[in-house]
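Protein chains: 2
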Amino acid sequence: MANDKIYGRSFSVTRADRERLNGHPSGVIWLTGLSGAGKSTLADGLERKLHRLGKRTYVLDGDNVRHGLSKDLDFTDAGRDENIRRVAEVAKLMMDGGLIVITAFISPFRKEREMARTLIGPENFFEVYLSTPLAVCEHRDPKGLYKLARAGRIQRMTGITSAYEIPEHPAFIADSSSETVDHTSERLLASLGWICRGSGAGIDD
Amino acid sequence: MANDKIYGRSFSVTRADRERLNGHPSGVIWLTGLSGAGKSTLADGLERKLHRLGKRTYVLDGDNVRHGLSKDLDFTDAGRDENIRRVAEVAKLMMDGGLIVITAFISPFRKEREMARTLIGPENFFEVYLSTPLAVCEHRDPKGLYKLARAGRIQRMTGITSAYEIPEHPAFIADSSSETVDHTSERLLASLGWICRGSGAGIDD
Numbered sequence: 097m098a099n100d101k102i103y104g105r106s107f108s109v110t111r112a113d114r115e116r117l118n119g120h121p122s123g124v125i126w127l128t129g130l131s132g133a134g135k136s137t138l139a140d141g142l143e144r145k146l147h148r149l150g151k152r153t154y155v156l157d158g159d160n161v162r163h164g165l166s167k168d169l170d171f172t173d174a175g176r177d178e179n180i181r182r183v184a185e186v187a188k189l190m191m192d193g194g195l196i197v198i199t200a201f202i203s204p205f206r207k208e209r210e211m212a213r214t215l216i217g218p219e220n221f222f223e224v225y226l227s228t229p230l231a232v233c234e235h236r237d238p239k240g241l242y243k244l245a246r247a248g249r250i251q252r253m254t255g256i257t258s259a260y261e262i263p264e265h266p267a268f269i270a271d272s273s274s275e276t277v278d279h280t281s282e283r284l285l286a287s288l289g290w291i292c293r294g295s296g297a298g299i300d301d
Numbered sequence: 097m098a099n100d101k102i103y104g105r106s107f108s109v110t111r112a113d114r115e116r117l118n119g120h121p122s123g124v125i126w127l128t129g130l131s132g133a134g135k136s137t138l139a140d141g142l143e144r145k146l147h148r149l150g151k152r153t154y155v156l157d158g159d160n161v162r163h164g165l166s167k168d169l170d171f172t173d174a175g176r177d178e179n180i181r182r183v184a185e186v187a188k189l190m191m192d193g194g195l196i197v198i199t200a201f202i203s204p205f206r207k208e209r210e211m212a213r214t215l216i217g218p219e220n221f222f223e224v225y226l227s228t229p230l231a232v233c234e235h236r237d238p239k240g241l242y243k244l245a246r247a248g249r250i251q252r253m254t255g256i257t258s259a260y261e262i263p264e265h266p267a268f269i270a271d272s273s274s275e276t277v278d279h280t281s282e283r284l285l286a287s288l289g290w291i292c293r294g295s296g297a298g299i300d301d
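Taken in sequence, the protein lines are chains E and L. Position 174, counted from 1, in the first sequence is what the working numbering calls 270; the numbers after and before it change by one each time, with no gaps. Position 156, counted from 1, in the second sequence is what the working numbering calls 252; the numbers after and before it change by one each time, with no gaps.
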């Protein structure tokens with residue numbers, strides 16, 4: 097969490113200053129997994145726990161990005177790539193702003209997750225893989241997308257007609273079909289040691 | 097600062113929760129004016145004062161947006177419009193995240209500033225007009241752009257070959273050729289009464 101000169105700007109208030117004011121480091125927790133795997137539910141559960149601990153948080157997901165910043169984009173490969181690029185850029189800005197950002201996007205391709213990791217900085221990027229089996233996700237089908245995909249009415253549905261590339265070295269794995277969101281959130285929180293680091297200690301300008 | 101259901105999401109932690117945790121409301125301070133008018137300098141001066149008062153802040157400007165989120169955009173009218181749209185969307189997300197966002201972009205056209213105001217919500221949008229005269233801005237020429245424009249090497253330079261539409265009802269006006277940044281920042285801070293409102297009072301879920 098040391099590099100404040102993310103953009104080479106000359107502004108006086110730095111990320112480290114904001115982290116000190118907040119009393120905790122900032123960073124990005126990147127959730128990835130199939131539609132219906134439980135990303136938004138976990139994002140919400142984790143944010144609630146972090147907020148109760150006095151941490152400054154924000155969740156970026158399809159609801160607040162696709163209807164706003166990315167509303168000009170379609171769901172082709174190019175559109176999805178650009179959406180993930182923008183999410184990574186916004187997460188980076190918010191992290192610079194002192195927030196712990198939780199992103200909840202399928203982000204099925206390794207190369208886009210690696211792009212995000214590189215952009216945000218590996219030391220700030222915590223990859224969480226929701227490994228919930230496809231059969232469970234498809235049964236849940238919270239947005240009705242699997243049904244549409246099976247009926248041939250959606251192109252490039254991840255898990256059905258488009259690949260999901262499993263993370264090779266995620267920092268954390270959870271399967272929402274075999275664990276409650278409360279338990280997963282607790283485990284995840286415990287694994288996020290850097291978040292619980294107090295203000296000041298180890299943070300340099 | 098009342099409407100938390102900006103996106104109709106089902107997330108538990110709301111903007112009002114974040115404002116309570118921070119002890120101050122969030123919002124957007126939108127600086128507009130010619131290149132060289134003093135926008136970035138004022139953004140920096142104001143952010144320093146806000147930070148010293150314990151407010152959570154962030155500055156969006158060309159340096160951290162044009163090199164990242166908007167690096168795919170050019171400087172045609174369409175590219176500039178889209179840049180301002182993205183800035184407004186990101187400012188809105190950051191405001192939802194509890195931050196006082198200061199934006200420093202020329203944003204020369206009324207319609208783009210009105211787009212931003214509508215998107216962000218008039219009650220959250222504080223328009224600041226840097227009225228520094230063109231002659232002073234051109235003399236300063238901090239990026240060398242006026243010289244290039246006069247030499248015909250830059251198309252559509254605001255103030256030279258492209259219009260700057262003066263805000264009709266800005267919330268605050270300052271001329272950096274006749275006032276120090278410290279004095280302007282103090283005046284601006286004093287005019288931002290809502291920022292100094294304590295936590296809790298008047299904030300509803």
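Because the hints were derived from the structure by calculation, they are not lab data. It cannot be assumed that every hint is accurate.
Copies of the same chain are indistinguishable here, so a pair counts whether it falls within one copy or spans any two.
Claimed, not checked - SDA-like cross-link-like pairs, simulated, lysine to any residue; straight-line CA separation at most 20 Å:
#1 K167 <-> G217
#2 K167 <-> S274
#3 K243 <-> S258
#4 K167 <-> L149
#5 K145 <-> N118
#6 K207 <-> H279
#7 K167 <-> D177
#8 K167 <-> R181
#9 K207 <-> S106
#10 K207 <-> D168
#11 K207 <-> R144
#12 K167 <-> E178
#13 K239 <-> S227
Values in this document were obtained by computation on a predicted structure and should not be read as measured data.
The hints, checked one at a time:
Taking the shortest alpha-carbon separations for K167 and G217, only the inter-copy value of 18 Å comes in at or below 20 Å, while the best intra-copy value is 27 Å. Neither within a single protomer nor between protomers do K167 and S274 lie at most 20 Å apart by alpha-carbon distance, with minima of 35 Å and 42 Å respectively. Only within a single protomer do K243 and S258 lie at most 20 Å apart by alpha-carbon distance; the minimum there is 15 Å, versus 52 Å between protomers. In the homo-oligomer, the alpha carbons of K167 and L149 never lie at most 20 Å apart, since the shortest distance is 34 Å inside one protomer and 36 Å across protomers.
Taking the closest pair of Cα atoms, K145 and N118 come within 20 Å of each other both inside a single copy (16 Å) and across two copies (16 Å). With identical chains, the CA atoms of K207 and H279 are never at most 20 Å apart, being 30 Å at best within one copy and 49 Å at best between copies. Taking identical chains as interchangeable, the C-alpha atoms of K167 and D177 lie at most 20 Å apart whether they share a chain (14 Å) or sit on different chains (15 Å). Taking the shortest Cα distances, K167 and R181 sit within 20 Å of each other both inside one copy (14 Å) and across copies (11 Å).
When the C-alpha separation of K207 and S106 is checked against a cutoff of 20 Å, the pair qualifies neither within a copy, at 32 Å, nor between copies, at 30 Å. For the identical chains of this complex, K207 and D168 are inter-copy neighbours only, at 19 Å across copies versus 23 Å inside a copy, given an alpha-carbon limit of 20 Å. When the C-alpha separation of K207 and R144 is checked against a cutoff of 20 Å, the pair qualifies neither within a copy, at 30 Å, nor between copies, at 38 Å. Proximity of K167 to E178 under the C-alpha cut-off of 20 Å is found in both arrangements, the shortest distances being 11 Å within a copy and 12 Å between copies.
In this assembly of identical chains, K239 and S227 lie within 20 Å of each other by CA distance solely inside one copy; the values are 19 Å within and 50 Å between copies.
Checked against the numbered hints listed earlier, the structure breaks hints 2, 4, 6, 9, 11; every other hint is satisfied.
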